[in-house]
Amino acid sequence: MRGRGGACGVWRHGASPLGRAPGLGIVPAPSGSSFPTLIIVSQNQLHAPRKATVRLKESTSSARPSSSSVVAGDGEGGSFAFCLFGAAPDTRNLGVSALCESAVRGLRSRFPRARITVFDHGRGMRPAAFDGDEAATSHWRCGAYLTRRVHRPESFAAIEFWSRIGGGRNPAARALRQATAVLDVSGGDSFTDLYGLRRFRSICRPKELALRLGKKLILLPQTYGPFFQEETRRQAAWIIEQADQAWARDPRSYELLRELAGGRLDPDRHKLGVDIAFALPLRQPHQLLPDQVLTALERRDNRPLAGVNISGLIYNGGAEAKAQYRFRAEYASVVHRLVARLVEQADATVILIPHVLARPGLIESDQVANESAFRALDRSVRRRVLVCPPVLSASQSKWLISQMDWFCGTRMHSTIAGLSTTTPTAGVAYSVKAQGVFERCGAGEALVDPRSLDTEQTLEALWALWERRETMRQTLQRTIPEVLRAAETQMDAIAAAAVERERTQ
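Each residue of the sequence shown is one higher than the last, beginning at 1 in my numbering.
Don't read these hints as lab results, they were simulated from the structure.
Remember, it's a predicted structure, so these values are computed and weren't measured experimentally.
Incorrect hints may have been included.
Label pairs and their computed distance ranges (CB to CB) [said to hold, decoys possible]:
no., residue 1, residue 2, range
1, E467, G124, 52 to 58 Å
2, L265, G196, 26 to 32 Å
3, P267, T147, 24 to 30 Å
4, L362, G262, 38 to 44 Å
5, Q292, E231, 50 to 56 Å
Here a beta-carbon is modelled for each residue, glycine too, at the ideal position from N, C-alpha and C.
Please build the complete structure, drawing on both the sequences and the hints.
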């Protein structure tokens with residue numbers, strides 16, 4: 001185990017990559033850090049003794065899944081407190097919401113009485129639950145984000161200041177200081193400089209803050225990289241080295257994690273897992289779906305059902321998005337022709353299912369893309385195409401996707417909803433992040449890359465997957481049970497690490 005800080009915190013593993021000062025001294029923060037460059041540490045913090053651990057014991061509560069465990073302590077985790085970053089449930093991105101709900105459920109099932117704080121973009125500290133499921137998903141939400149309005153209590157600048165001096169009246173600072181562990185999932189795929197330096201710094205900020213406070217930092221299963229700048233790559237490698245655990249969500253991501261860890265790779269801390277959204281339960285939407293969608297789900301006409309998720313980021317972005325993501329294929333044309341072919345040649349009913357519910361006017365909105373695509377179709381095709389309204393939660397959307405005979409998604413977590421329910425699923429991928437996830441499910445061939453294929457080739461590849469959908473269903477029925485077991489086992493390991501008791505030997 002690595003030495004931990006007291007109230008003022010400490011950079012662990014020999015402070016920063018730039019070295020440490022003996023005794024009471026000053027340690028420079030790592031290159032590229034978004035924090036001020038000097039912190040005070042003490043010698044006993046830098047040379048903390050080795051620790052012994054308390055292991056998991058079996059759960060005896062009938063309210064929790066039988067495969068879950070509770071760590072030794074008060075029996076139900078009432079003395080534990082957890083902070084979750086990188087999974088804000090108010091982004092209207094159902095993939096991020098799926099990560100959040102899965103993490104909260106995983107912790108709550110193992111620690112029914114623990115205090116769980118999820119950091120989002122709201123104000124103050126607020127009680128919350130998912131889909132009204134209070135028992136399984138109760139938690140607190142607290143605002144914490146990067147903003148120039150540093151006087152706001154939700155600004156990272158204010159949180160950092162108050163966390164240094166006891167927390168004061170700042171709810172986020174108090175939650176962090178009281179935390180048993182800080183868990184961070186980086187939105188699943190945002191621990192990268194692909195989206196710009198400001199976004200990278202906002203992703204790093206809570207990780208750095210946890211380390212400064214001497215808190216356990218667990219990086220939940222996620223994608224690492226790509227990193228195009230050496231400075232950001234060094235910063236990411238330093239955070240990974242300092243974290244108590246860093247999980248990759250598929251074999252390809254694990255190779256990137258290994259590269260970042262370099263010679264300090266530690267199999268006890270740097271681990272291969274699966275995306276935690278595989279564990280997200282399904283919830284039927286009840287009265288939220290339009291009558292036309294409900295009628296289609298009843299299969300009165302015995303037609304096959306195909307679900308299609310269109311990425312607003314790509315569809316609405318047009319030529320600019322095509323250039324940015326280096327597509328050879330014309331994405332909008334692929335969408336229009338695929339939907340038309342499903343209706344005209346397969347006699348299918350098609351449901352357009354959004355997964356990023358950004359409000360109209362924002363380029364990310366899948367709903368805007370759905371409506372635009374619907375209008376672009378011939379009238380003869382439109383009569384058998386339905387647009388699902390942007391009203392479902394992540395678990396409800398997963399249920400809807402599970403009802404399809406075949407699903408084609410561009411948003412990666414929409415495809416995880418399909419894969420995890422053994423729904424034959426095709427993915428339209430524009431980054432490496434999806435490849436490892438599909439391969440983990442034995443479905444690597446079901447990923448179509450419009451960066452290497454032109455419009456006609458992309459369309460034909462997707463059509464071939466439609467025609468092989470029953471073969472894929474059989475494959476998923478063999479592979480997914482093991483993936484789901486892995487999701488449960490990894491959460492046990494994460495829970496154990498989060499509450500690992502430290503005692504001087």
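Comparing the hints with the structure gives:
Taking 52 to 58 Å as the suggested C-beta distance range, the pair E467 and G124 conforms, at roughly 53 Å. About 29 Å separates the C-beta atoms of L265 and G196, a value consistent with the hinted range of 26 to 32 Å. Separated by about 39 Å at the C-beta atoms, P267 and T147 break the suggested range of 24 to 30 Å. Evaluation of the 38 to 44 Å hint for L362 and G262 yields a pass: the beta carbon distance comes to about 39 Å.
For the pair Q292 and E231, the supplied restraint of 50 to 56 Å holds, since their beta-carbon distance comes to about 52 Å.
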